[in-house]
Amino acid sequence: MPDTAISSERAETLPDGGMGTARDFFELLKPRVMSLVIFTALVGIAVAPGGIHPVIGFTALLCIAVGAGASGALNMWYDADIDARMARTENRPIPSGRVTPGEAAGFGAILSVFSVMTMGVLVNWVAAALLAFTIFFYVAIYTMWLKRRTPQNIVIGGAAGAFPPMIGWAAVTGSVSLESAALFLIIFMWTPPHFWALALCRSGDYEKAGVPMLPVVAGEKKTRGQIMLYSLALVPVTLLPGLMGFAGALYMGATAALGLGFLWLAFGLWRTRAGAAQEKAAMRLFGYSIVYLFLIFSLLLVEKLTGLGAFPASALLPAM
Amino acid sequence: MDEEKDEGERHKIGAPHWTEEQIKRRRQRNLAIAWALAGFIVLFFVVTIVKLGGNLANRPI
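Note that the protein sequences, when read in sequence, are chains A and B.
Counted from 1, the first sequence has number 94 at position 94 by the working numbering; the numbering is strictly sequential.
Counted from 1, the second sequence has number 58 at position 58 by the working numbering; the numbering is strictly sequential.
These are computed hints drawn from the structure, not numbers from a lab.
For glycine and all other residues, C-beta sits at the position ideal for the given N, C-alpha and C.
Possibly wrong hints are sitting among the right ones.
Ranges of calculated distance between the beta carbons of each label pair, as one might list FRET restraints [claimed, not checked]:
{"no.": "1", "chain 1": "A", "residue 1": "L232", "chain 2": "B", "residue 2": "K24", "range": "52 to 62 Å"}
{"no.": "2", "chain 1": "A", "residue 1": "H53", "chain 2": "B", "residue 2": "A38", "range": "16 to 26 Å"}
{"no.": "3", "chain 1": "B", "residue 1": "W35", "chain 2": "A", "residue 2": "L263", "range": "40 to 50 Å"}
{"no.": "4", "chain 1": "A", "residue 1": "G17", "chain 2": "B", "residue 2": "W35", "range": "18 to 28 Å"}
{"no.": "5", "chain 1": "B", "residue 1": "L31", "chain 2": "A", "residue 2": "K280", "range": "38 to 48 Å"}
{"no.": "6", "chain 1": "B", "residue 1": "F45", "chain 2": "A", "residue 2": "F133", "range": "26 to 36 Å"}
{"no.": "7", "chain 1": "A", "residue 1": "E90", "chain 2": "B", "residue 2": "K51", "range": "38 to 48 Å"}
So that you can see chain B by itself, here it is in the shape it has in the complex:
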């Protein structure tokens, strides 16, 4: 039963036959994607502020 569960856990991460090295590289790639997405969000935020410019303070209260 436990063995079956373990097998299930391994399949959950999607790469049952991956070596330690592959899993390490996947982690590196995941981090790179996370940083890229964070940068993307910051970029949209900053550009939005720039485009709103002085109008940011002019909204009706």
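Isolated chain A, as found in the complex:
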């Protein structure tokens, strides 16, 4: 491959480090991804049974945020070569030469160790172990192993993004439970349709970079079908919190309605053919998927904070 890594001629023009500003290093933490991680982890902390001192809760959230940011920095270190070849990522700190790969690797490694150890010492070691596993999963399993090898990369790798609410739950209870696994499953099932909708519009970029995303390997028609299938699986999974008794009627009603919206957009995308219509439908589903996940977790939070969750979803069911 002629242009792997930050090719040698570019490397000669790059300074040997020391050019990055504090802002460049902050950018390595993928702050936009981090914001969703923080929010879902906050919901995990809020809905877990029992309570947590606000300072300890804040500490857990901070550790999760820094741990997620650290794995983002390690991801950018390892993927600097493919980032340089995609329009969406070519201005990231490493491909643009503002931060050297070594600086990013050191930064990510130090923050990983600090976030896990701080979580262990100040919160609890179950949450710390889950955080360590999440960082390992994102960096080693997803970034290093799956991303360049299989179109199932984001299906399996999506687990890394699904762990934060489970870590938040573990920060409060010191354990892993079926309820926290339900929160995990929601994000896990949401990830494929969310990313494949984006990949449908960026498949040229992924192909150029040699990343085997589903539209590149299996084609757009197959991708649209897979998005439809995962959407059909996602909607029932989002109802699990109500069925398991830790979300109420408001959550169930609103989530079912939001789910129908998701299915409608996925169906619309499935029916289109390649071209501008497909791109429009895919971007609409992608945009909706972000709002969808945010609203589902917001509903859990609102119910918990207002006590509305005490009105059980089962009250809506006909009496047996």
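Keeping the supplied structure of chain A fixed, place chain B upon it in accordance with the hints.
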């Protein structure tokens, strides 16, 4: 002799070929690290107080 000393001083700061801009950025990064470490220390202090809670006053005198 003085020149040699100057050269030594420059090596001491570890970046003999750095431009003014690089040195300015390094200073910014150093400050960011200092703030982060200060925050880290405060966090450990506050959490320690929270964990000790009411027991803080119960120690034997």
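Structure-based check of each hint:
no.	hint	in the structure
1	L232/A x K24/B: 52 to 62 Å	holds, 56 Å
2	H53/A x A38/B: 16 to 26 Å	holds, 22 Å
3	W35/B x L263/A: 40 to 50 Å	holds, 47 Å
4	G17/A x W35/B: 18 to 28 Å	holds, 21 Å
5	L31/B x K280/A: 38 to 48 Å	holds, 46 Å
6	F45/B x F133/A: 26 to 36 Å	holds, 29 Å
7	E90/A x K51/B: 38 to 48 Å	holds, 47 Å
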